[in-house]
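Construct all of the structure, not just a fragment, from the sequences and the given hints.
Those protein sequence lines, which keep their order, are chains A and B.
Here the first sequence stands for residues 1 to 220, numbered as in the working numbering.
Here the second sequence stands for residues 1001 to 1243, numbered as in the working numbering.
It should be emphasised that the hints constitute simulated quantities derived from the structure, not laboratory data.
Computed from a predicted model, the values in this text were never measured in an experiment.
We treat Cβ as the ideally placed atom computed from N, Cα and C, and that holds for glycine.
Each hint should be verified, as a subset may be incorrect.
[Claimed, not checked] FRET-style restraints, in silico, Cβ to Cβ: (1) Gly23/A / Gln1161/B: 50 to 58 Å; (2) His170/A / Thr1237/B: 28 to 36 Å; (3) Arg103/A / Val1014/B: 20 to 28 Å; (4) Val1228/B / Ala90/A: 52 to 60 Å; (5) Ile38/A / Ala1221/B: 35 to 43 Å; (6) Gly142/A / Val1014/B: 28 to 36 Å; (7) Val1014/B / Glu216/A: 49 to 57 Å.
[Unchecked claim] Just a sample of chain A residues kept apart from chain B, beta carbon distances all over 10 Å, derived: (8) Ala66; (9) Ala153; (10) His170; (11) Ser176; (12) Ala197; (13) Arg217.
[Stated by the list, open to error] Here are a few chain B residues that sit away from chain A, every Cβ distance over 12 Å (derived from the structure): (14) Ala1008; (15) Gln1016; (16) Met1028; (17) Glu1074; (18) Thr1076; (19) Leu1111; (20) Pro1243.
Now for the letters of each chain:
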Amino acid sequence: MAVDDVSFDLPAGRVVGLLGPSGSGKTTLIRCLVGVQIVEGGSVEVLSRPAGSQALRNRIGYLTQAPSVYGDLTVRGNLQYFASVLGAPAGDVDRVIDEVDLREDEGSLVNRLSGGQRSRVSLATALLGTPELLILDEPTVGLDPILRRDLWALFRRLAAAGRSLLVSSHVMEEASHCDLLLLMREGRLVAQLTPTALLERTGASDLDAAFVALIERGAG
Amino acid sequence: MSFARTLATSRRVVGQLRHDPRTLALMMVVPIVLMGLIAWIFPAHDFDQYGPPLLGIFPMLVMFLVTSVATLRERTSGTLERLLTMPLAKADFIFGYALAFGALAVVQAVLVSGISFGLYGLQVQGSAVLVGLIAVTDALLGTALGLFVSAFAATEFQAVQFMPAILLPQLLLCGLLLPVDQLPTVLYWISFAMPMRYAVEATMDVMTSSTATSSYWTDLAIVAAFAVGFLALGAATLRRRTP
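Okay, here's the thing in structure tokens:
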């Protein structure tokens, strides 16, 4: 998926939602930001530095779409390894275990956990250290409503502590939790606005309808 | 490159294997069983001739397979992508693996050599320790080759196929089936590029000479140099950015 001419702000203390249908280029854009995507032309800058540069690798927490943790290690074993790669302080592993509510499972092998638990281990990894920017690729997809609510509360707390968050989703309902929305379609950013502005602009009653209206208007 | 991160990576790799005791057991037991078979097949005289070179080759095959699949898994599971967005040098990753599997290779080579000489009655003119040293170096070479080729494999099927593709030609040309100087000219020259050739040459030295000759040490150093070279190539061909 090609992504063209994209530029946006990720203000500190804000949760920015990256929304769009499957295949609209959300993951490609995210991989560009963390510097693992081969960029055909042009340049990508994050926190005023070229994406992927060494200076950024302690400052960005990245959650891949599929849980990327070691199935044959325990929850704690995974976090201890990633913490030592990041040079995170000693108490960090316990902090993130509590943040994603995995205290009871910390000694279990990741392979034995449910899908939802596995994604939380992966999320916990992204929270290690003190990244000022968190880039989370579909962190809440496939989780039950209660967990989703808890995670959004966690994202709000992280934002309140001054972090910037970029959270992708293809579920429009999630947009209501965000301060600012980036709407993508076919590799292009079709709108950057607040959820309220989206509703006003389209005259739709809910975010789902608003997004559809916006996309169809863009296509027409 | 950071020593702490390399070491953390090795510890993690060993930790993963600790939770996979079957793989660990297979790695240790398979070369021993194979050597036992060779001892059983051949009369003592022939066993002393074919046993020592194979003692180095079996651990190499096993380490090659385990390493290439383990690193490939790291690519397909996304953990490598995540690590490469973190402050981990590519060399930390490669040498972390090399250290972990290298340690296992040492245990494996020592075990299979000990049992071959102690239990199966393998005999050489020179010191059994020198043969064991070749087995360890060969196993390290297998690890280095496995790390290197996994960069070229997109699936586990492909990774496994690299074993016959990379190792079997070496087995054919290393001087075990036919002394290298009896090979057709072109193949004779090609055999110089095969690390296994030097391992077999070193083994032949120990089989026929009661003390370590200088050509033994040269051959061993060449095998070790191949191993280090492939590790460096493995680090150089690791890409942070992928499509």
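The hints, checked one at a time:
1. Gly23/A / Gln1161/B: 50 to 58 Å: The hinted range 50 to 58 Å is violated for Gly23/A and Gln1161/B, with Cβ atoms some 32 Å apart.
2. His170/A / Thr1237/B: 28 to 36 Å: Since the Cβ atoms of His170/A and Thr1237/B sit about 35 Å apart, the hinted range of 28 to 36 Å holds.
3. Arg103/A / Val1014/B: 20 to 28 Å: 26 Å, holds
4. Val1228/B / Ala90/A: 52 to 60 Å: Cβ of Val1228/B to Cβ of Ala90/A: about 35 Å, so the range 52 to 60 Å is violated.
5. Ile38/A / Ala1221/B: 35 to 43 Å: 39 Å, holds
6. Gly142/A / Val1014/B: 28 to 36 Å: Check passed, 32 Å falls within 28 to 36 Å.
7. Val1014/B / Glu216/A: 49 to 57 Å: 56 Å, holds
8. Ala66: 6 Å, violated
9. Ala153: 25 Å, holds
10. His170: 19 Å, holds
11. Ser176: 29 Å, holds
12. Ala197: 32 Å, holds
13. Arg217: 32 Å, holds
14. Ala1008: 4 Å, violated
15. Gln1016: 5 Å, violated
16. Met1028: The assertion about Met1028/B holds, with a minimum of 18 Å to chain A.
17. Glu1074: At roughly 9 Å from the nearest Cβ of chain A, Glu1074/B sits no farther out than 12 Å, so the non-interface label is violated.
18. Thr1076: 10 Å, violated
19. Leu1111: Leu1111/B is indeed farther than 12 Å from all Cβ atoms of chain A, at 23 Å.
20. Pro1243: 5 Å, violated
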